[in-house]
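Q: So the chains spell out like this:
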Amino acid sequence: MVKAALLKVSVILFALGGVLPVRAELKALDDEGLSAVEGKGLGLVFEDFVFEHTDDSSRGQIFRIEGIKSAYGASKGQDVVVAVNQLYIARSGSDYGGTLNPVNLGRLKNPFNIDVLDGDSIGVEDKAVLEIRAPQQHAPDGTRHKDMDFDGAPDPVYAEDGSPLRDVNGNIVLRDYNVASAGFDCFTGAAGGGLCDSRTASAAYENGERPDLGMKFSVKVGSHDADSLNIHAKAAVIDGTRLRVWGEGNKMVGEFHLNFYTPELMISTCEDGGASCGKALKFRNFLLELPLGNAHQPMAMNVNGSGNFVYEIKSIAQAAQDKFGVTPTQLPSALGWSGGGTRSAAQNKALWDWFNDYYQDPANRGNLYIGKLEVHDTGGVHDFGSSRIENLLIQYMKITSHDLMK
Amino acid sequence: MKCILSGILGLILAGSAYAELRPVEEAELSEVSGQGGIYLSGDITINEDGGPLENAYFGKCSDGGKQCGARIAYQTGENGGWFVLDDIRGRFSFQGLTLRVRHVDDGFGGDGAAFDKDVLEVGLPDQVRFDNVHYTYATSSTARPTGPGFQQTDIYSVLMHGNVTMQGNLLIFPTGNP
Amino acid sequence: MSIIRILMFTAMLPATLARGELQSLDEAEMGEVTGQAGLSLEVNANIDIDAINYWDDSSGLSFRGVRISATDDASSGAAQDYEVAVTDTGGLYIPFTWTNNRFVISDISLSDHWDRSMGTFVADVNAAGRLYVEGYQGAGLKYSLDFALSDSRFTFRDQGNEFMLDGISGAMRAHDNLLVFAVDNNDPTGTPFLYMAFPRIQASWDVQAIRYGASQNALATPLGNGGQPLASYGGLHLDYDMSTVWRVHPGGRNGAGFTVDINTVLNQANFRYSDDGYALALNNISGQWYVNGLTLDVASDRQGDLGLALQLDRFKGNLSIDSITAGDPGRSFGQLDLAFDFRDAVFNGEAYTNRFFLQGKGHRDAGYQGLRIDAEWSLPAATISYTDDGNRVILAGIESWGRGDITFDVTRAGTVNGTEFFDGLRIGFEHLKAGYRIDGLKVGDENAKLQGGSELLLALELFPAYDFTLDGHYTLGPGGANGEGITVNADLFVTEGNAALMVDENGRGIWATGVEYDQHLRNMTIDVDAQGLMLVKGEAWSTMDISDLRIGGRSSDSIGRVVLKRFEKGSTASIRAGGAGELCVGASAADASGCLGAGGRWEDRGEQGVTIAIAQRFAPAESQDKRTQLMWETNRREQNGLRTNGSGTQLIIDDITTNDGVDGQNSYGFRNEISVDVYQTRVVKKQTGTDRNGVYGEKGQEKIMDPGSPQGYRYVTTSGPNDTSVAANRPLGFAVRARTSFKELAIGSVQLKHPDVSQAQTIMHGVRLQNFDIVSNLTATPID
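Protein chains in written order, with the working numbering: chain A, 1 to 406; chain B, 1 to 178; chain C, 1 to 784.
Some hints could be false.
Stated by the list, open to error - Each computed DMTMM-like pair below joins lysine to aspartate or glutamate, with the alpha-carbon atoms no more than 25 Å apart:
id, chain 1, residue 1, chain 2, residue 2
1, C, K626, C, E461
2, B, K60, C, E505
3, A, K398, B, D116
4, A, K372, A, D155
5, B, K60, C, E673
6, C, K537, C, D654
7, A, K279, A, D227
8, C, K699, A, E66
9, C, K699, A, D95
10, A, K109, C, D557
11, A, K323, B, E78
12, B, K66, A, D155
13, A, K372, A, E131
14, B, K60, A, D167
15, A, K109, B, E121
16, B, K117, A, E131
17, B, K117, C, E539
18, A, K279, A, E264
19, A, K109, B, E78
20, C, K699, A, D155
21, C, K433, C, E350
22, A, K109, B, D116
23, C, K316, C, D187
24, B, K60, C, D591
25, B, K117, C, D691
26, C, K537, C, D625
27, C, K569, B, E54
28, A, K109, C, E350
Because the hints were derived from the structure by calculation, they are not lab data.
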């Protein structure tokens with residue numbers, strides 16, 4: 001048996017953006033929204049939930065992640081010990097894990113859910129699909145202007161040069177955020193203000209369904225002093241997150257869509273045992289919508305024959321070849337690129353439709369948005385403004401581990 | 001001829017051998033009140049001193065140098081390698097893990113009234129004491145550590161010990177099309 | 001009205017004398033008056049009667065081929081000697097001996113089906129006894145009877161196959177019995193009735209061996225073709241000391257006949273089943289019961305077929321078994337008490353009563369002989385209480401009901417008209433619709449709060465509520481794994497089943513509905529050994545198909561269909577007296593001080609209790625039925641309000657097997673060892689406030705029993721698990737220690753299946769779980 005080694009990761013190909021222009025921004029998963037697919041299977045709701053574990057040797061509390069060895073630099077080969085000083089999930093308003101009160105996770109009408117789906121309804125034809133998911137999001141039924149970046153004005157649409165887009169009359173074009181009348185804003189929790197279904201805590205409903213969660217840990221490499229790292233998320237929402245798996249060929253494949261919304265994600269580094277944390281990064285209105293794999297190009301997690309880990313999102317070109325027998329070199333003619341890539345120009349309409357679905361489906365697109373990034377230190381608060389990555393489309397990805405300790 | 005001796009019965013029954021039956025009280029036989037469900041206290045221990053396998057890889061915990069925990073290996077691709085949870089050990093002790101079926105028709109910020117159904121409620125114990133709870137996540141070339149050409153890469157291990165707060169109820173219920 | 005005579009005739013059959021555990025067969029008690037000269041009678045009876053018919057209205061019962069002869073020579077007479085003496089008190093004193101007597105009834109039939117027989121009954125008797133009779137106050141008789149049997153035998157023959165109680169010996173004594181006509185002062189009609197009193201019946205009986213033979217011998221024989229004794233199931237012993245009073249009223253359920261009320265007190269009884277020198281014993285049994293409105297007549301059953309009908313209005317009583325032991329002496333499971341009340345009641349909207357129609361011919365393919373009972377029972381209230389080291393757990397609110405046919409045949413291995421038979425006594429079930437439910441457990445005494453706990457025993461398939469339609473059979477063959485014992489072959493088919501996996505007294509819980517459960521068992525041996533009971537399954541396979549698994553009531557929402565298939569070879573189960581014994585909960589230590597020091601709680605759960613150890617050896621799949629598989633199906637298509645099985649999406653965990661960590665070796669299996677005790681436990685309040693019973697407590701406080709408190713308990717602050725000041729008053733719970741271990745549990749594949757495609761997709765190409773040893777010590781108490 002070979003003892004532990006840190007993973008060395010090779011990203012073979014990672015593509016941003018699409019071949020076809022896509023304009024939809026933060027468009028909801030309208031084909032699979034809450035109203036379209038009412039719950040099925042086995043529902044799970046946590047009521048009055050609190051979880052906490054700590055690492056505190058003075059109280060006989062141990063919570064450690066070990067067995068990892070440093071792979072780089074002077075410390076290469078030394079033991080890495082991660083002490084989880086605190087891991088908690090509790091009601092929002094916990095003061096970064098200081099006050100733990102019970103929270104509800106999931107709603108009775110929209111719980112965490114386990115089911116075996118009919119793949120025909122989600123584009124995985126003639127397959128049964130095992131799904132484990134968080135509460136679903138609502139399908140949008142309107143739009144609203146919002147100030148997500150804390151500048152006091154409704155957010156504009158930005159042009160390619162980074163300036164606000166203006167219409168022919170010179171007026172700033174405001175960004176339309178999708179909302180559902182039955183939904184709640186994923187950050188503020190305002191009713192009708194967004195697509196999330198989990199609700200914030202209130203005087204009338206003090207638990208709420210949006211927990212604070214966080215982890216404080218210190219990392220010790222060999223004999224070096226421990227470095228501390230704390231991550232806290234306030235009133236977090238993961239509505240729309242789901243894992244689906246099915247069988248294809250001779251392996252398990254699937255898709256994992258991670259949605260994570262929090263009005264504040266705070267990361268700080270402190271000396272272990274230090275009384276106060278002077279430095280902190282605060283991501284205000286943090287949004288992550290990360291789809292890994294989809295019905296067109298599922299992901300696969302495997303271990304190869306030599307015991308190494310392989311993570312792969314199938315190349316869309318390979319998927320097209322598997323499904324339609326069209327090789328990558330044949331794609332331009334099959335899709336009618338010379339004719340502008342329109343449907344009428346395409347020789348293979350079914351292939352064109354399939355690609356069109358792939359590029360048009362917003363569920364296949366990843367988004368990362370930070371309303372405002374603040375750096376807190378002894379000198380005060382530094383505002384780094386708003387940033388976003390939108391419509392990220394992974395066309396192919398492969399990660400393989402190599403055992404460095406061989 | 002019928003000879004009827006009306007006095008005779010009383011006479012006979014007075015004898016102790018004919019003692020009348022003590023009536024079985026109705027209360028002993030019927031039940032009208034009470035609550036279902038159970039409150040469980042105790043502990044669950046995994047491989048306190050190793051498991052039943054003893055070979056080149058597995059042994060007793062007291063027998064240093066061998067793995068004494070449990071092991072789960074699973075394979076997501078045919079003829080591929082294996083994901084492994086190895087050296088699984090530890091004890092969980094608690095008071096107050098409850099189990100019952102409960103009707104929910106209020107609370108939950110208004111959701112309860114609309115829900116109006118039964119759920120299976122697993123009441124988590126307030127505190128669970130972990131004793132040296134441990135596992136290692138790894139990848140391996142063979143399912144068994146005794147397999148030919150066995151090669152394993154341990155990726156990380158987790159060790160948990162002490163009191164863990166685990167509070168609340170897990171509600172489990174059907175959500176639709178069976 | 002010849003039925004009384006018939007009854008008396010059968011009562012005389014076993015009347016005799018030999019050795020026995022009764023010491024008081026002395027002359028003095030019966031024979032102070034033997035001075036008078038008497039009459040000596042030597043009878044050599046060789047009687048052959050074609051038929052004795054009894055007619056009840058137009059319905060007949062026929063005993064055919066009734067013969068009395070010498071045991072080993074049908075042409076010789078049965079030797080019977082009687083002395084008749086008149087005593088000074090004017091009574092008759094009749095000592096008698098019967099030597100090598102054989103009594104045969106070749107067939108018993110009912111008049112609507114003369115071609116169906118209940119079978120052949122053969123009694124080989126060596127007996128001696130004494131009867132003393134005198135008049136009683138001009139109203140009847142007072143009599144005493146002693147009799148003993150030695151080297152006697154009773155055989156039930158069915159199509160040439162024999163089931164035999166061999167080597168019967170023992171003695172009984174019943175003195176000062178009364179048989180008088182009387183009236184009840186409280187009866188305004190003043191109708192006389194027959195009053196029969198048995199102030200004390202003492203008896204002790206032994207059966208050396210219960211044997212099975214497929215020898216086709218002309219008449220009962222304990223020897224097989226090779227001259228060796230026929231295979232034995234084991235021996236029996238029964239002794240009892242009881243008193244009973246019968247009141248026989250004229251007029252039966254259908255006008256003619258009679259009605260009996262019986263009042264019985266069982267002072268003491270002992271029962272033992274012995275197998276190669278080891279015994280399963282019910283010791284020091286006592287109880288009392290009464291039967292009201294018992295009638296016996298020839299009447300039509302639900303299908304219109306005649307039967308010898310036993311019907312009753314009420315059968316109520318209780319029975320206490322002081323200790324149940326098995327194996328070496330002193331290994332006690334504990335004490336068992338039963339209380340029951342059979343009477344008419346309504347279950348699930350249907351009225352049930354208690355009646356049994358005895359008919360001829362068992363299973364349709366097992367020949368013209370055999371027994372069939374068209375049975376119906378109704379038990380609306382019962383409790384079973386189990387006491388272990390002085391601590392009690394009560395199964396409260398038991399109800400049971402059922403109706404259907406039960407058949408008894410003695411069969412030989414072979415297939416007839418597609419029905420597979422096995423050697424032995426076949427107990428068949430034909431469309432038996434039955435059910436039971438248990439409200440819950442009470443720990444301590446009757447006043448304890450009702451609680452769950454059966455959930456901890458689900459691994460043993462003990463459902464707290466279950467109703468079903470049962471078909472199939474158990475065939476009990478002779479001989480165990482070696483020597484005496486029982487070999488079981490069974491094919492059981494449950495349909496229209498509804499089983500609760502957990503349930504409260506309002507019927508809310510987890511329900512498996514629409515259950516179809518096929519179980520097949522081949523060559524399972526049952527033996528009593530030094531430690532208790534041992535079961536070894538040759539081969540077993542089953543499919544439990546749960547159409548809907550529901551949370552709430554029987555018609556609440558479902559999470560879908562669940563199918564569990566199991567295929568085992570060589571699985572074993574043992575049932576041992578003695579529970580978990582001494583153990584450390586919450587820490588690991590071998591003694592009390594070590595456990596305390598490590599922060600655990602030391603518990604000595606005593607000598608008694610029950611430990612069940614199961615080793616399931618799951619074998620590689622051989623066919624669609626013979627495999628171990630778990631399947632969950634959901635999203636089934638609906639047709640006429642019903643979900644069509646197979647039309648949904650399925651998650652399949654297939655070909656689950658066990659091995660010893662090495663391919664091809666499978667001796668360790670999937671082991672479950674479950675010990676059941678009643679023991680004190682620590683109950684900590686989870687939230688500050690009043691509980692369901694209105695008792696206030698703070699979070700973290702312990703529940704402590706206190707008879708002075710209104711609810712019998714209160715919450716107090718303690719210093720922790722080892723607070724000795726409260727240890728004695730901690731609440732009792734239902735303590736289950738379960739140890740699950742296996743060397744390797746292998747899952748062949750995990751698959752997902754779409755209904756439109758015949759081939760499932762594999763998502764996991766194997767899961768191997770190795771080296772598991774999981775011990776759980778859980779004690780169940782009520783939720784307050």
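Q: Work down the list of hints and note, for each, if the structure agrees.
A: Hint check:
1. Our distance criterion of 25 Å between C-alpha atoms is met by K626 (chain C) and E461 (chain C), whose separation comes to about 20 Å.
2. In summary, the hint linking K60 (chain B) to E505 (chain C) is not supported, as the alpha carbons are separated by about 46 Å, beyond the 25 Å threshold.
3. Straight-line distance between C-alpha atoms of K398 (chain A) and D116 (chain B) comes to about 47 Å, which puts the hinted pair past the 25 Å bound.
4. With a C-alpha separation of about 12 Å, the suggested pairing of K372 (chain A) with D155 (chain A) holds against the 25 Å cut-off.
5. Of the supplied pair hints, the one linking K60 (chain B) and E673 (chain C) holds, its CA atoms being roughly 20 Å apart against a limit of 25 Å.
6. With a C-alpha separation of about 22 Å, the suggested pair K537 (chain C) and D654 (chain C) falls inside the 25 Å cut-off, and the hint holds.
7. Note on K279 (chain A) and D227 (chain A): the hinted pairing holds, with a Cα-Cα distance of about 13 Å set against a maximum of 25 Å.
8. Taken as a hint, the K699 (chain C) and E66 (chain A) pair is broken in the structure, with Cα atoms around 35 Å apart against an allowance of 25 Å.
9. Simply put, K699 (chain C) and D95 (chain A) have alpha-carbon atoms about 23 Å apart, close enough for the 25 Å limit, and the pair holds.
10. Distance check on the hinted pair: K109 (chain A) and D557 (chain C) sit about 14 Å apart at the alpha-carbon level, within 25 Å; holds.
11. Between K323 (chain A) and E78 (chain B), the direct Cα distance comes to roughly 21 Å. Compliance with the 25 Å bound is thereby established for this hinted pair.
12. Distance restraint check for K66 (chain B) and D155 (chain A): the Cα-Cα separation of roughly 61 Å exceeds the 25 Å cut-off, and the hinted pair is therefore not satisfied.
13. A threshold of 25 Å between alpha carbons decides the hint, and for K372 (chain A) with E131 (chain A) the separation of about 34 Å lies outside it, so the pair is violated.
14. Under the criterion of a C-alpha separation no larger than 25 Å, the hint pairing K60 (chain B) with D167 (chain A) is inconsistent with the structure, at around 76 Å.
15. Of the pairs offered as hints, the one joining K109 (chain A) and E121 (chain B) holds, with about 16 Å between alpha carbons and a cut-off of 25 Å not exceeded.
16. A hinted pair counts as satisfied when its Cα atoms are at most 25 Å apart, and K117 (chain B) with E131 (chain A) qualifies at roughly 24 Å.
17. Of the pairs offered as hints, the one joining K117 (chain B) and E539 (chain C) is violated, with about 43 Å between alpha carbons and a cut-off of 25 Å exceeded.
18. Straight-line distance between C-alpha atoms of K279 (chain A) and E264 (chain A) comes to about 15 Å, which keeps the hinted pair within the 25 Å bound.
19. Taken as a hint, the K109 (chain A) and E78 (chain B) pair is broken in the structure, with Cα atoms around 39 Å apart against an allowance of 25 Å.
20. Among the hinted pairs, K699 (chain C) with D155 (chain A) is inconsistent with the structure: their alpha-carbon atoms are about 49 Å apart, more than 25 Å.
21. For the hint linking K433 (chain C) to E350 (chain C), the alpha-carbon distance of about 12 Å falls within 25 Å, and the restraint holds.
22. Among the hinted pairs, K109 (chain A) with D116 (chain B) is consistent with the structure: their alpha-carbon atoms are about 11 Å apart, no more than 25 Å.
23. A distance of roughly 23 Å separates the Cα atoms of K316 (chain C) and D187 (chain C); the hinted pair therefore holds under the 25 Å criterion.
24. For the hint linking K60 (chain B) to D591 (chain C), the alpha-carbon distance of about 20 Å falls within 25 Å, and the restraint holds.
25. Proposed proximity of K117 (chain B) and D691 (chain C) is supported: the alpha carbons are some 23 Å apart, at most 25 Å.
26. With a C-alpha separation of about 17 Å, the suggested pair K537 (chain C) and D625 (chain C) falls inside the 25 Å cut-off, and the hint holds.
27. Pair hint K569 (chain C) plus E54 (chain B) holds up; C-alpha atoms about 24 Å apart against a cutoff of 25 Å.
28. Distance check on the hinted pair: K109 (chain A) and E350 (chain C) sit about 38 Å apart at the alpha-carbon level, beyond 25 Å; violated.
Violation of the numbered hints given earlier is confined to hints 2, 3, 8, 12, 13, 14, 17, 19, 20 and 28; the remaining hints are satisfied by the structure.
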